[in-house]
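Engineer: Okay, so the sequence shown: first residue is 11 according to the numbering used here, each after it adds one.
Take these hints with a grain of salt, some might be off.
Listed next, with one range per pair, are the computed distances between beta-carbon atoms [what the hints assert, rightly or not]:
no., residue 1, residue 2, range
1, Glu222, Ala380, 53 to 61 Å
2, Leu406, Ala129, 39 to 47 Å
3, Ala132, Gly221, 18 to 26 Å
4, Arg439, Leu168, 16 to 24 Å
5, Leu272, Glu318, 16 to 24 Å
6, Arg439, Gly221, 25 to 33 Å
7, Arg319, Ala124, 17 to 25 Å
8, Ala443, Leu159, 46 to 54 Å
9, Val233, Glu71, 35 to 43 Å
10, Val409, Arg63, 29 to 37 Å
11, Val348, Glu441, 33 to 41 Å
12, Ile275, Pro251, 36 to 44 Å
Note that these hints are calculated values from the structure, not bench results.
Beta carbons: idealized from backbone N, C-alpha and C, even for Gly.
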Amino acid sequence: MTDAAAAGVPVSVHGPAGVLDLVVPPGASSADVGGEYARQAGTPVDGVLWTSRGRRLDPDEQLDAAGVREGAVLVATGPGSTPPARRRAGDPDSPAGGEGAARTAARAGAGSAALLCLAVAAAWLAGWLTTRDGAGDGASLAIQGVLALGVVLGALPLGPLAAQRAAAVPGVAAALTLSLAWSPEPELLPTTLGTAALGGALAAAVVRALGEVAEGTLRVWMVAGVAGFVLTTGAALLDAPDRVVWSVALAAAVLAARLVPLVAIDVPDHYLVDVERLAVTAWSARERPRGRRGRVVVPPDAVRAVAERGARLLAASSGAVLVAAVLAAPLLLRATPVAVDHLGARVLLGCAGGALLLAARSHRYVVPRALLRAAGLWCWVALLVDLAPGIGDGLLLLVTVVAVAGAVLLVVVAVAVGRGWRSAWWSRRAEVAEALLGACALAAVVVSSGLFRALWET
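Could you put together the complete structure from these sequences and hints?
Structural biologist: Here you go:
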């Protein structure tokens, strides 16, 4: 037995009078600890202790034999009182079972979210079909009417799917705006897409004003839509070429993937926990403190709300990054016919794809991680498609060997990570690589936008 164990085991005892931090000597029983709590707190208890998991300790049971270790949390009950039974989600017999079951039944699941994403994709496909030369006026008007009806019905804050419908309404509104503002001139494509983004932002503002649903997602729609409109119309007013718009859009996507997580989690000031005021553990921070010893109030619902709001913001911003990458990557390659500008565009796509893939690794939430990975892979796929016509037989063999070796290495690393392998050294190197790729992507904007060539020629 060590000297610390011989001196006693520090525990926190919660009871009717508050929390007491006691040092339990070896061999002390549950009744001894309950009596000591009653003596120091001046409150009668029946000598029955409960663990933090709800297990009752017999009065003559020794704490060390019961598995109570240093820093454990115990509950001392008052006369005739017992800790509440554990509530099971969806159990109608439990006190909160009926409400939990109702909330679970009314809450929309991942399936409905996937269907609404497909609906937005179908709306964009329908809006794009109205811009084709073969589309008749009657068919175009019918499609536009259906899209407008979808915007109006989706904006109504009614039903359990109101939040997800509200998040999808700006996408449908953007598709409708694209259909109405379409112009066949290629030089007007950035302005047309910017106008569609503004239409989505206006729809998001209207939906947000009608009801407090999907506030974080609608905020991302508003910011991204207005930013896209300002970028495209600003370039049109300054008579800047299309490559400037797509270069800046791709660089903004890289910066957003890096900076949005820093501001997504917004904890209210009055919920911040002052660690110095806590006695032993964070168990002392509870929602309803009792007794004479005050504690910081941290409602669990508030913590859950902060986490859910941050998750929604990350998912929505990652979706915006994916949309920007999908649009900007191929259009940038098409808008840079000059060799110098095209080389800068290739460097920008390669660095942006790597930066997005490395930024995805820092997300524990699966949705933004998957979206950022899709954006990074899309940039690399667009780059490979552009490089494919110029690859000779020898270079093709080299690329194939490198790709196969990289795939084998990724499989080995994936298996190791799945088995619990972690490396702080590689994590730091990944952070450095992400920062370097982001810096290279921003530097490549100078070349891909044509600014370097313009300065060189003058």
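Engineer: Can the suggested window of 39 to 47 Å be confirmed for the beta-carbon pair Leu406 and Ala129?
Structural biologist: holds, 41 Å
Engineer: Is the gap between the beta carbons of Arg319 and Ala124 within 17 to 25 Å?
Structural biologist: holds, 22 Å
Engineer: Is the distance from the Cβ of Val233 to the Cβ of Glu71 consistent with 35 to 43 Å?
Structural biologist: Violated, at about 59 Å.
Engineer: Within 36 to 44 Å or not, the Cβ separation of Ile275 and Pro251?
Structural biologist: holds, 39 Å
Engineer: Quick check: does the Cβ-Cβ distance between Arg439 and Gly221 fall within 25 to 33 Å?
Structural biologist: violated, 46 Å
Engineer: Assuming the hint says 16 to 24 Å, is it satisfied by the Cβ distance from Leu272 to Glu318 or not?
Structural biologist: The hint (16 to 24 Å, Cβ to Cβ) holds, given that Leu272 and Glu318 are roughly 18 Å apart.
Engineer: So the hint says 29 to 37 Å: do the beta-carbon atoms of Val409 and Arg63 match that?
Structural biologist: violated, 57 Å
Engineer: When you take the CB atoms of Arg439 and Leu168, is the distance between them in 16 to 24 Å?
Structural biologist: violated, 51 Å
Engineer: Return holds or violated for the Cβ distance of Glu222 and Ala380 against the range 53 to 61 Å.
Structural biologist: Roughly 28 Å apart at Cβ, these two residues miss the hinted range, so it is violated.
Engineer: That 46 to 54 Å hint for Ala443 and Leu159 (C-beta), does it hold up?
Structural biologist: holds, 49 Å
Engineer: Okay, Ala132 versus Gly221 on CB: inside 18 to 26 Å?
Structural biologist: Holds - the Cβ-Cβ distance for Ala132 and Gly221, about 25 Å, lies within 18 to 26 Å.
Engineer: Does the beta carbon distance between Val348 and Glu441 stay inside 33 to 41 Å, or does it fall outside?
Structural biologist: holds, 35 Å
Checked against the numbered hints above, the structure breaks hints 1, 4, 6, 9 and 10 and satisfies the rest.
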